[in-house]
Amino acid sequence: MIPKDKIVIIDYGLCNLNSVLNALKFLGANAIISQNPEDIASADKLILPGVGAFGEAMKNINDLGLKKVMDEEVLVKKKPILGICLGFQLFAKESEENGLFEGLGWIDSTVKKLNVGPEFRIPHVGWNNIKVTNESCLFEQIPDDNFYFVHSYGYIDTTMKIKTSVCSHGVDFVASFQKENIIGTQFHPEKSHASGLRVLKNFIEYRGETKC
Amino acid sequence: MLKKRLIPCIVIRDNIIVQSIGFSRYLPVGKVEVAVEFFMKWDVDEIIVLDITATRDGRKPNIDLINFFTEKCFLPLTVGGGINSLEDIRNTIKAGADKVAINTAAITNPEIIQQGARVFGSQAIIVSMDIKKNSENKHEIYIDSGKKPTGLDPVDFAKKAASLGAGEIFVNSIDRDGMKNGYDLDLLRMISAAVNIPVIACGGVGKMQHFAEGIIDGRVSAVSAANIFQHIEQSTIIAKAFMKKAGIDVRLISKANYDDFEFDELGRVLKSPKIEEARWY
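First to last, the protein sequences are chains A and B.
Take the first sequence: its letters are residues 1 to 212, numbered as in the working numbering.
Take the second sequence: its letters are residues 1 to 281, numbered as in the working numbering.
Please keep in mind that the hints were generated in silico from the structure rather than gathered at the bench.
In this text, a Cβ means the ideal position worked out from N, Cα and C, and glycines have one as well.
Some hints could be false.
To be verified - Chain B is nowhere near these chain A residues, computed Cβ spacing over 10 Å in every case:
| id | residue |
| --- | --- |
| 1 | 3 |
| 2 | 42 |
| 3 | 63 |
Claimed, not checked - Distance condition first, Cα-Cα at most 25 Å in a straight line; then the derived DSS-like pairs of lysine-lysine:
| id | chain 1 | residue 1 | chain 2 | residue 2 |
| --- | --- | --- | --- | --- |
| 4 | A | 4 | B | 72 |
| 5 | A | 161 | A | 93 |
| 6 | B | 72 | A | 25 |
| 7 | A | 113 | B | 159 |
| 8 | A | 131 | B | 244 |
| 9 | B | 159 | B | 148 |
| 10 | A | 93 | A | 179 |
| 11 | B | 271 | B | 244 |
| 12 | B | 72 | A | 6 |
| 13 | B | 60 | B | 147 |
| 14 | B | 207 | B | 31 |
| 15 | A | 25 | B | 94 |
| 16 | A | 78 | A | 59 |
| 17 | A | 25 | B | 41 |
| 18 | A | 93 | A | 68 |
| 19 | A | 131 | A | 113 |
| 20 | B | 3 | A | 112 |
| 21 | A | 113 | B | 3 |
| 22 | B | 94 | A | 59 |
| 23 | A | 131 | B | 3 |
| 24 | B | 245 | A | 131 |
| 25 | B | 60 | B | 31 |
| 26 | A | 93 | A | 112 |
| 27 | A | 78 | A | 161 |
Please model the entire structure based on the sequences and the hints provided.
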């Protein structure tokens, strides 16, 4: 039997992370929540979840001294990381949420407000179907293509080469991407019932195939 | 396309699910844990748990119960009842709820809407209004488990709640509660037209047809009900099948052939195909 990967859910002090932890436990993963750089360094895989504002999240990551260890583990050691919602946005160079804030800078893109017409309500909250654009192991055997979204900002540059799916709510935006070991979803897999759990299971079982 | 949502509302007093009739009679139905396990298999989009007499009886949200939910329930969860302060919101969200439904406190202390939205985001704050037609035949908001009139017009208050940062409005009709005669569609239409945030309808569903009416005629984003889901096997799957037949864009997950359902004009099930519940993960 292959030993279980140790998955660390990075806690940067903004939100309730138990939903993500419970979903991983339900799937039998070996997961913990931590903001300790040593735990992050000893992990096999990382998850960066998130609900909240971009600027405050980056401030917390910097104040907790997590940027250095995350850069090392993700960019140098190439550990798989899954960003969820705000966590997915934090991978960007910058975000325009409430000003202009520098992100982790792993993805050369800017997070922008979903600029929609009056007939669309913002935040984009609820179940929406994604369109898988590039092969990705995240979406293997998902029972349906609806996922739960809660956000007002996103990656609206859908020409992005690393995208693996897109979604639409008055404007098209990137619903997921993968750049080597850096994987992210705008939706919340931990709240997306059967399909979401399947996505998390696929990440748990991900073995670094180039086509995740 | 954003899907229209179907949301069972689990109405509890303490830890027991009850059937509520006109906000005055409560019949015990069963255990919360059992209902949650069923709903997880039955195509629901979210779950709302309301402890309907919590504020009146001085109870706080039951944290153990919320913990139980988050271990079993990989769906958005809203918790209402006894939410009277920022501290209550924090504890409820920390325990694993995604949203709180604020009812009496939203009226007596509207600042809680603004504070809650600022700290936790608008998406986490649902303002819940219990509404009854008063002696002048006008809609009016009632608080304290539907006992106390406020003199407030629900359309005006919905606008105010939205401007203070509420993320959604939950509209419950006291007149229709347990009556099985359908939603108060006029009320829903007025509130939906007045605000630019999602409106959730509740109160009065007695037939599957009523869900479709709520979306199409009431123009709401989500339909909720309590009693009907507790008394019919696979009730939420049947409701989704009916909504799909009515041309509503809903999320489907069971391996049911939804097109094989047949309903009469009142939304009663005439033919129900064998439903294979999807292994839901």
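Comparing the hints with the structure gives:
1. 3: holds, 23 Å
2. 42: Its Cβ never comes within 10 Å of chain B, the nearest being 26 Å, so this holds.
3. 63: holds, 19 Å
4. A:4 x B:72: This hinted pair holds, its Cα atoms lying about 22 Å apart.
5. A:161 x A:93: holds, 16 Å
6. B:72 x A:25: holds, 11 Å
7. A:113 x B:159: Since the Cα atoms of residue 113 of chain A and residue 159 of chain B sit roughly 24 Å apart, the hinted pair holds (cutoff 25 Å).
8. A:131 x B:244: holds, 21 Å
9. B:159 x B:148: Holds, at roughly 21 Å.
10. A:93 x A:179: Distance of about 14 Å is within 25 Å: holds.
11. B:271 x B:244: Holds, at about 15 Å.
12. B:72 x A:6: Measuring from Cα to Cα gives roughly 22 Å; hence the hint holds.
13. B:60 x B:147: holds, 19 Å
14. B:207 x B:31: Holds: residue 207 of chain B and residue 31 of chain B sit about 24 Å apart, inside 25 Å.
15. A:25 x B:94: holds, 18 Å
16. A:78 x A:59: Since the Cα atoms of residue 78 of chain A and residue 59 of chain A sit roughly 24 Å apart, the hinted pair holds (cutoff 25 Å).
17. A:25 x B:41: holds, 19 Å
18. A:93 x A:68: holds, 16 Å
19. A:131 x A:113: holds, 21 Å
20. B:3 x A:112: holds, 23 Å
21. A:113 x B:3: holds, 21 Å
22. B:94 x A:59: This hinted pair holds, its Cα atoms lying about 21 Å apart.
23. A:131 x B:3: Holds: residue 131 of chain A and residue 3 of chain B sit about 15 Å apart, inside 25 Å.
24. B:245 x A:131: Roughly 24 Å separates the two Cα atoms, so the pair holds.
25. B:60 x B:31: Answer holds: residue 60 of chain B to residue 31 of chain B is near 19 Å, not above 25 Å.
26. A:93 x A:112: Holds, at about 12 Å.
27. A:78 x A:161: Holds, at roughly 20 Å.
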